[in-house]
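Engineer: Listed below are the residues making up each chain.
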Amino acid sequence: MKGAAVYNTSHIMPEWRIIAEQALHILNVVLAGYFIAGNGTYTLLMLMSLGSVWVHSQKAGREGPHHLLESPMTPPVTIIMPAFNEEETIVESVRSTLKAEYPGLEVLVVDDGSTDATLERLIAAFELVQVDLVYRQLLPTQPIRAFYLGQGRTNLTVISKRNGGKPDALNSGLNLCRTPYFCTLDADCILERDALLRLMRPVLASPVSTAVTGGVIRVLNGCEVEDGQVARIGLPRKVLERFQVVEYLRSFLLGRTGWDQVGGTLIVSGAFALFHRQTVIEAEGFSTDTVTEDAELIFRLHRWAREQKRRLRVSFMSDPVCWVQCPSSVRMLARQRRRWQMGLCQTLWKNSFMHFNRHYGVVGLVSFPFHAYIEALGAGVEFIGYLAVPLALLSGLALPPLYLSILILGLTYSAFLSIGSVVLEDLTHRRYPSLKDFSTLLLYAVLENFGYRQLILWFRLQGYLKFHTGCRQWEKVVHGAPNR
Amino acid sequence: MPTVSGVVFAVTLSSFLASGTLIGLALLRREQREKHFHEFNELRRLTLPIISSLIAGTLDYQTALQALGEILPSPPQRAQVVERLLFDGKNPASVSVPLLRRLAMDFGLVELWEGALLSSSRPVPWGQPVSRPVGALGRIRALHFLLRVRSAERLGLIGHAPSWRLLVRALEDPHPQVRATAALALGAIAEPQSFAALVERLRNVVLTPSLSLSMRHIKAALVCFPLRQASELLELLKHSHPRVRVLAADVVREMVVLSPGAGGAEELPLLNPQDVAPELADLFLTRLVFDQNPEVRARAAPVIARLNDPRAKWQLVNLLNDVQWFVRLHAVRALAQPRFGTLAEHVTRRLTDENWRVREAAVRTLLSFGSPGAERLLQHFLTTPDRYSREQIAEELQRRSLLSVRPGEDGVWGQPQVRERLMGLEKQNDCRGTACRTLVPRPSQGQKGTASRTPTAAEVADDRKDSHQGRNLPPQ
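Residue numbers (this note's numbering), protein chains in the order written: chain A, 1 to 484; chain B, 485 to 960.
Treat the hints as calculated values from the structure; they're not laboratory data.
Hints are not guaranteed to be accurate.
To be verified - Listed next, the stretches of chain B that the computed footprint assigns to chain A, with coverage defined by at least 3 CB atoms under 8 Å from CB atoms of chain A:
hint	region
1	497-507
2	711-720
3	865-878
Stated by the list, open to error - Far from chain A, some chain B residues (derived; all Cβ distances over 10 Å):
hint	residue
4	Val488
5	Leu527
6	Arg529
7	Asp657
8	Ala664
9	Glu751
10	Pro794
11	Lys797
12	Gln821
13	Glu838
14	Glu859
Keep in mind it's a predicted model, so treat the numbers as computed, not measured.
Glycine included, every Cβ here is placed at the ideal spot set by N, Cα and C.
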């Protein structure tokens, strides 16, 4: 018996190997499923985006939004710019914002308790005078320290308040805002002159009340800024920044446009978005319990509209452009992506009842599950997928058939989607007209899958883990000043 | 398994091929665009001096037309080139509308646009490069609506009045964007006969919501017509559906606001019977001012304020005491003209209104009455026990003083008894948020004002209650 037992055990695999190989088989199936669901959805989004962006560029590119400048139906707008330690960029940004072409434009800068010279620079540059204004706290915020008005300039107001984070600063601005619509704009942004008019278009054109409209964010690094406007568009020099140019194109032109086509918009960048003031106030403003207050507000507005039995629209436009400095170091990029991932997880968790909830239509049945399983949990799946290869090789385990093929296919397909977004940009908006820039973008669309994608995945995983630890820390991303 | 591996291989290969195709398409389009714009820029270089001379009046029209005809390509493409030269981008931006219209007619553009509106697609030869947008659009039936949109827009731009029937017909177009553009074009042309069609659409927007036509577009078109046509809205103003009445009243209000003489003038001219039909004026003064729907009453106020009728003042006083705060708000705002100075007492009562927006409007209206209004404001400021009212006055004066003279240094604010009273108020800290302190003359502080005090919890609750009254109300 003893001999037989020895004989048997020497010819069968150890138990851990059996389990490990079965796990690899399961992982193989999960990876294939992840690939089909993720890339399948992206392909559909790309096809819809190709059509809609092209049609829109045909229409919008020729008509221009300038008739809205004179239209009596164009409602006034307040731009709310929260600023925390933005001494490098704030003056240029405010100057650019004040030049925006819009009838009845007001600019409200909220200094969120900066510890640098943000406020002093504003006071000096715009000859601000301290005044007392009536502050009605419709939404709770940190205490206000002072109000400033631009001397001889009626449309610039600055609020100085105790630090409370970006959502708190936005709520302060919202308390003082008087116009029916407001636009949130990050303090390191350069707004194109007609961007706000373009952003207002769906509000005026839609028969349904439009609560939110999002615009496109583009990378400012590498561009030259003159007199508060982008004077020459160029690609950044740093490799890391170039990858982000491709990433932003894919995200805004391909992803968000596609979701807008099916009415499934769940994420609008708060760096540049237009909101209906009364709707946001009734939905209780920007929440301070997540680190991505913009996405959280969109989820909440969908919920609020459902509860109030109101029809409202969240739309996205592919032609209003706002230029933003992207992180130029790995450290800052890591901070940004950790925050985005953590915020996404927080928001999805907070609104988990929308998950496969038919009452929310496309948002509940398609968009929410996509963001939950592909955008949030997908980071973990992809990471384990990569990790399994070296682990299997080291431990002598045989990878399931097609495992590597699926991984390679995933990367190839991802490159195809990135190339698609670069081509879409070139066929429609053409902000990078030189052939050299176009070729460079195509090259980076391929290269980003070999190193950069995995780096971002690592940061996303960190964000995911931070969410699980209950962390709510807002990691500040410091940007350099734009080229002048 | 071989089948699955085959699929994986096929998808990988397809993604390579698709990427290559996309890149090839982009490069091809780049090349064609470059060629096209090179040709186009050359034509622009040649034609621009002629068009500039035409605008400047140094070249007569027939000579210019002949010169342009010699430069431009033969007829099938000529119209497209002229269209791009005249209407795309900013060149030549200064061409006057009559000249633009004449050129568009003589080069056959109007005919082309009218044809497109009638859905008769343009003949686009397949050999024409796809880089030419007209060519690309003409080939795909699903995109024909873009041609119709463009045609409607351009007919509106040149103000081609004979096209109004076609544009009215386009209000029934299957595509919503064509309907919207046609409405705006009708507004731009402002042909009196088309007003009725737009009025009909306005009614249908409310009564048939499935039309999915933006109300703003119809309104934007209607308000472009001269005010005398507003009498055609009488039927809608008497309609049993409250929303129809609101929309119609809003259109009349906007027409009054945009009427000649209203552009930024301090004292808006009164409207006479030749501007507003007596029947319409009567309807506002006798019926709409008492309408069951407060939104109609609110919209009636600015119209009544411009009527040359002795009843107008007293109906506005009625509206000042309306139960709905936004009706009072519109009434207070409508009175912001020096001729209503005699109603200052009624406006002063609104300084203690329960809604802050009405209080704010009352301050502004009193200031618009000139010195008597400012005196009244000061008296109220010094005597009222209502601190909310005081802070509202303080804020408005601060905002205004930034652009001119600081209060407390000049005029009535500098009088000794006033200064004394202001000092007293400051000592008592009886101005919430210390807003009132700014009014106290303190030359030593120079330009610097005072810091805000954070409101107490009770004040915040009070404010929230106050502001919540504004919920579910129409946007101002």
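Engineer: Against the earlier hints, flag every one the structure doesn't satisfy and list their numbers going up.
Structural biologist: As far as the earlier hints go, 2, 4 and 8 are violated by this structure, in ascending order.
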